Amino acid sequence: MKPCRWFDPDRGHIRNDQSSIIHKQIITMEKKGLNLTLKIWRQENAQTKGEFKTYRIGNISPDCSFLEMLDQLNEQLVDKIEKPVCFDHDCREGICGMCSLFINGRPHGNDTGITTCQLHMRRFKDGDTIWIEPWRSAAFPVIKDLVVDRSAFDRIIRAGGYVSVNTGGVPDGNAIPVKKKNADLAMDAAACIGCGACVAACKNASAMLFVSAKVSQFALLPQGKLEAKERVSKMVARMDELGFGNCTNTGACEAECPKEIKITNIARMNRQYYISQFA
Amino acid sequence: MSNIFTSSIGKKFWMALVGLFLCVFLVLHMSINLLMLLPDRSYFDTGVYIMSTAPVKVMEIVLFGSIALHMLLGLLLQIQNWLARPVRYAKKHSSETSFFSKYMIWTGGIVFIFFCLHFMDFLFYKYGWFGFEPASIGIQDVVKLDPVTRAMEVDTPANHNFYDIARYVFSSKSYCLVYAGFMVLLSFHLIHAFQSAFQSIGWNHPAYTPIVKWVGYIYSVVIPAGFAIIPLYFFFGGK
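Keeping their order, the protein sequence lines are chains A and B.
Heads up, the first sequence is in the working numbering, so the first residue is 123 and it goes up one at a time.
Heads up, the second sequence is in the working numbering, so the first residue is 553 and it goes up one at a time.
Bear in mind the hints are in silico, worked out from the structure with no lab data behind them.
The calculated lysine to any residue pairs, modelled on SDA-like cross-linking and capped at a C-alpha distance of 25 Å, are:
no.	chain 1	residue 1	chain 2	residue 2
1	A	K325	B	K644
2	A	K381	B	H757
3	B	K643	A	G172
4	B	K643	A	P263
5	A	K175	B	A642
6	B	K644	A	Q240
7	B	K765	B	S646
8	A	K325	B	F651
9	A	K325	A	F174
10	A	K347	A	I397
11	A	K171	A	I265
12	A	K356	B	W634
13	A	K325	B	Q632
14	B	K725	B	I665
15	B	K644	A	G235
16	B	K654	A	E382
17	A	K266	B	A642
18	A	K381	A	L364
19	B	K643	A	Q194
20	A	K205	B	Y641
21	A	K266	A	N167
22	B	K643	A	Q165
23	A	K247	A	Q198
24	B	K643	A	F174
25	B	K644	B	W634
26	B	K643	A	A377
27	A	K205	A	A168
28	A	K302	B	T761
29	B	K644	A	G365
30	A	K205	A	C186
31	A	K325	B	I556
32	B	K765	A	T386
33	B	K644	A	T159
34	A	K325	B	T761
Keep in mind the model is a prediction, meaning the values are calculated, not measured.
Could you build all of it, start to finish, from the sequences and the hints given here?
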């Protein structure tokens, strides 16, 4: 089938889809409610063993978000005096990086450049079975159900992901010249929201994309260059300590990153690291 | 500085450097192999003579070390990768990634098995080390050699040259097919390995990375194909 162009009201711009199936679905499904089977990972706490439980949910609006569908499920569970499914969420507009679900074999579900809260039920068909799992990584232990402890990312940042020099008052905007190209690349890297989808998507549970984005956002700017060597060295050392896997350049992290961070950042971090070790 | 040997990025760095060195070696090896196809044997013999000179012998040790290091680091990194995800996903990953990148440890492992057979057949046999005989002897349909040549080859390994050994081991049709099959897997390994090595050493540029990728694809087809031509040449009756 030929790719189709369609207006995505959620994102406010024209999108190119690889398949026109979704487009047809949107037209044909209209307001018809979806009946779904959910296979959800339930785990009482980090010490207990979890398992998948099956839930059936009906009359889900294709216009609602994935998290709203889970809210409806939880309401049903509460009505039946059952424990609701725990999952992380906060802003629900793709900014905070809290939502973190592995849906049908993909972090944040079957779409590109979105977080779980931006995933809409129109991406599913009536009668679908949806598998919902937490991020799987030794560095992200499950706290409860679908909630994982992502404080490993905070610990990496604490190791050096900051500018520690006293910069004084706010300088004039043009006082420190920055190349437009570098400013753009730094801004792209800084778009990382630390959701952990890169770790979840990587077959090795590697955090290289996250760390490289945080290294790059500083390394590209004059203010960050002063501590560049120390920063990359410490952050990589902490990443290794925390039990993340190694990068094998499969590109899964880039494909699944909701902020579309590029693996060119990983190459930049590698260069920075070699400079820190050899120079 | 010590972290360059122990950190995840450091290990990848050495693995990539060693991998690229092995890629250069493969070009050299294949070039000399292809001299076998020339009607005048003296070209091939000259190539083999150059390979037996002292500097090349030193490089041979570096080569063995490189293979061992590449394999060791690959295994070490892979074990860490497995440990990094103790609980697997129930639903198989469906992220968009390169097919060949997912199976590097397995294609690498198979290539290593091939190396073992290859060393036994050619190098160890040539030098008379460990009393090895070509692995292809175990294959039933092997021995279809010229009686005179065979007597010389089997009885006195010191007199062997690589051409005769090649003619001998590739006299087995099934071995030729197995060898060609190994070359296909080597190709699978190289398709990802070549471009991945550049990424690991920090080479990623919007203008040059697509060129590196295309060079990698061409390299991954041409090199294994160049190696596979030799057994196929003997398979189809080359003398």
